[in-house]
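Those protein sequence lines, which keep their order, are chains A, B and C. Heads up: the first sequence begins at 1 in this note's numbering, then just goes up one per residue. Heads up: the second sequence begins at 1001 in this note's numbering, then just goes up one per residue. Heads up: the third sequence begins at 2001 in this note's numbering, then just goes up one per residue.
Hints are computed from structural coordinates only; laboratory data are not their basis. As the structure is a computational prediction, the values presented were derived from the model and not from experiment. The C-beta atom is built at its ideal place from N, Cα and C for all residues, glycine as well. There could be a bad hint or two in this list.
Now the in silico label distances, taken between C-beta atoms and shown as ranges [as the list claims (entries may be wrong)]:
#1 A:I33 x B:L1224: 28 to 36 Å
#2 B:R1272 x C:Y2014: 18 to 26 Å
#3 B:E1153 x A:E170: 35 to 43 Å
#4 A:G274 x B:S1094: 18 to 26 Å
#5 C:N2191 x B:R1274: 52 to 60 Å
#6 A:V69 x C:G2040: 55 to 63 Å
#7 A:P229 x B:V1029: 50 to 58 Å
Here are some, though not all, of the chain C residues that point toward chain B, as calculated from beta-carbon distances under 8 Å [stated by the list, open to error]:
#8 S2011
#9 G2015
#10 K2016
#11 P2018
#12 P2058
#13 Q2082
#14 F2091
#15 C2095
#16 G2108
#17 L2112
#18 K2165
Read off the chains here:
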Amino acid sequence: MFQLNRFGPARIIFASSFFISISIIVVIFFFLITNSLPIFYLEGWDFLTGTHWYVGEVYGALPMIYVTVLVTLLALCFAFPLGLGTAIIASEFLPERYRLIVKMVMELLAGIPGVVYGLLGIVLLTTTVQRVFNLIDGNCILTAGLLLGVMILPTIMTVSEDALRTVPKEYREQALALGLNHSEVVLTAVLPAAAKGILGAVLLSTSRAMGETISVMLVIGSLDRIPSPFFNIFTTAQTITSKLGREASEALGVGYHWNALIGLALVLFIMSMGMAFIGDIIVVKEKRV
Amino acid sequence: MIRRAKGVIFFSICAIATLIAVSLLFVIVGVIFSKGISAFSVTFLTEESKNFGQTGGIFFQILGTIILITSAGILSLPIALGTAVYQTEYLWPSFRRAASIVLYALNGVPTIIFGLFGYAVFGLLLNVGVSWVSGTFILAIMILPTLTVSIKEAIDSIPVKYRESGLSLGFSKWKLIRVIIIPHSFFGIVTGLLLGLARAAGETAAIMFTATVFSGVNVPRSFLEPITTLQTHILVLAQEALNPQARTNAWGAALALVMIVFFISIVSMFIRSRIRLEAER
Amino acid sequence: MMPLFSLNNVSLFYGKAPIVRDINITFAEKRVICIIGPSGSGKSTLLRTFNRMNDLTPSFECKGSVLFDGHDIYNNGTKVCQLRQHVGMVFQKPCIFPKSIYDNVLFGVRQLYRMKKIEHQQVVEETLKAVYLWDEVKDKLRSSALELSQGQQQRLTIARALAVKPRVILLDEPTSSLDHKSAGAIDALINNLKGEITVIMVTHKLDQARRIADDVVFMCDGMICEAGTSKHIFETPGKSETKCYIKGEEINVPIKGFVSSQVIRLKAEGY
């Protein structure tokens, strides 16, 4: 009367699409590993610590890795205070209707394509930076950092705002009942409770920023050197993504040049993935509490 | 008195940050619109580009972007739907968290890596070269997690009572999915699709050396032909920084691209607010 | 006659914790059976065992055998959806899909049977009459079911379950979220179903059980304390716990505390 039919066609269709999705990431990881193995055989650890990159001679990735981190940090230093400040105003001081409007506008702005920011950067930002800091070339680390900062500003604002909103209403009421004024409520009750959520969310968006290619590529120049001195942000440089964007089609998919580029991609993949994972873990833990 | 002053200082710092942020973003949007509008004209939107994009219009670029994101959406949607349904309905509960992590990981992959991967797979392995089909596949993979996560959230928010009612009527799993799960997550599916399309429309790095060429192409006549898009058009024109005519055209193309992305996002926001209204009933 | 359900040494677990222990009971066909008892006594868990709705909880486990019409329904070979087609269920809160009244009644029928449109209309009319809703809604069958009152919605939910012609219908406190008058309408419709299909109902309203039940099962602390005909349980209860529970309801004073040697929390619910 009741017969079992466990593996019907529907289940097989759903299962296969699921396994396609899951296997994509595995295949990409496998691709990065296999295509970059030769360069690790050739250079060993020197690939990660070497400071010189001459196609056909020596491949050292350190300048690109360092500049990637530097540009991302710069962008964060610029975008985080602005984003958090805006989030606090929107979440704690604005009436509901205006809050929703601000949030909608920010979400819209977060969708502006990177290439459009790149155009803005090339036309406006590089010349401005050049004039203000009296440089020979406006294409420099600072320009890239500022541009990336503006790009991630809406994202940082919306995710921090989300984190602030998840703080229970009771916290605010408790603090108000103790006789604290509005600013003190935010400082003592809301921000500490939302801190982890904000941190996690910021890490997630940082991992996104690290992988941004086009806009950075257009404004950073193309010098494969660690800036000297190392904190000199007024010099032209090269991030991992800009290097990949510029040289991948020249490398034609074979030889050590290609392997070295994929090696760079692997490094970027691991850095950005690690960042996203830590952020994800923090956010999830926060949700469980 | 000191307490009050502290409060005022804190508020003013936040307010100044807000002012800077908001005015920055206003300037950006203002620049895009004012510079773009001056390039806009009927002929600009309806003509093909001439002389390597420096003169002429962007008609085929607009068409190319729309064709590319539509085909990517069509390819990605069934797989995302299947993945989300399998994950919520069939997969053992203890594996669900792990599956989510994998999908989040896919979401975090820098887009240039998709481009490299696509170049290796389609350009070298399958030897289809720079083509529409490579772009479709790469963008479909790129937006897959966006769609899946959004559909999964919609399914998770279906009230348990609907599920229970369906089961207590004796629906099989397939019927439950077809009659209850998919119709009741319909708006979530549409929102996810639109979010994915908006992301795909703004993406350049993933397709610049796999799907698009700069000039000499109108509409691809087969899947194996290259395509031309707004994104790559802007990218190339932007690097011609010294030619004022090229730059004007770049601004026009940028405005067109921004308007496409904004349009898709606004529609998705509108639908999302509809979902909230439904949920409150 | 073969009993419709028979449970042999059934114990039900969520994780490691036993919710219901050592159930041995049989239910005859076409009777109205009420399961009563204090909250937390495992009534709902037991009820959800009859059509395997407990399967939705991942850690659920059933030991012993539950026979429906002679088939062990927890046996691996059971096709659960067919079982649920025979054993329908209605929950505490009315569940209405955002569709018309007509479509709500036919929600299951359309998926499970092939029928002509004329037959559809017949099914709708028959089932709505069976739940005493026909007169109230016959002029607005095509309008949204969300406009109905809570009581009407619950009757519509029952109609949807009846429309697929189950042999058994399980009701999990169907009147607890309704006002007095709407609850009365539900009682009337259950009385109307008497002799046609089997009704197994969990309730905490003793007067309701007294009015409509043929058989009564009194559950306490995850075990069946006493079972028998309605008359037997309410007029000549054999066990002190049963007496106490029934009395507690009559004098309208909730009893809190420990009765006999077992740890039993007897609380008259609903008041």
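Now the hints, each set against the structure:
no.	hint	in the structure
1	A:I33 x B:L1224: 28 to 36 Å	holds (30 Å)
2	B:R1272 x C:Y2014: 18 to 26 Å	violated (36 Å)
3	B:E1153 x A:E170: 35 to 43 Å	violated (26 Å)
4	A:G274 x B:S1094: 18 to 26 Å	holds (25 Å)
5	C:N2191 x B:R1274: 52 to 60 Å	violated (43 Å)
6	A:V69 x C:G2040: 55 to 63 Å	holds (57 Å)
7	A:P229 x B:V1029: 50 to 58 Å	violated (37 Å)
8	S2011	violated (23 Å)
9	G2015	violated (13 Å)
10	K2016	violated (17 Å)
11	P2018	violated (22 Å)
12	P2058	holds (5 Å)
13	Q2082	holds (7 Å)
14	F2091	holds (6 Å)
15	C2095	holds (4 Å)
16	G2108	holds (4 Å)
17	L2112	holds (6 Å)
18	K2165	violated (10 Å)
Checked against the numbered hints above, the structure violates hints 2, 3, 5, 7, 8, 9, 10, 11, 18; every other hint is satisfied.
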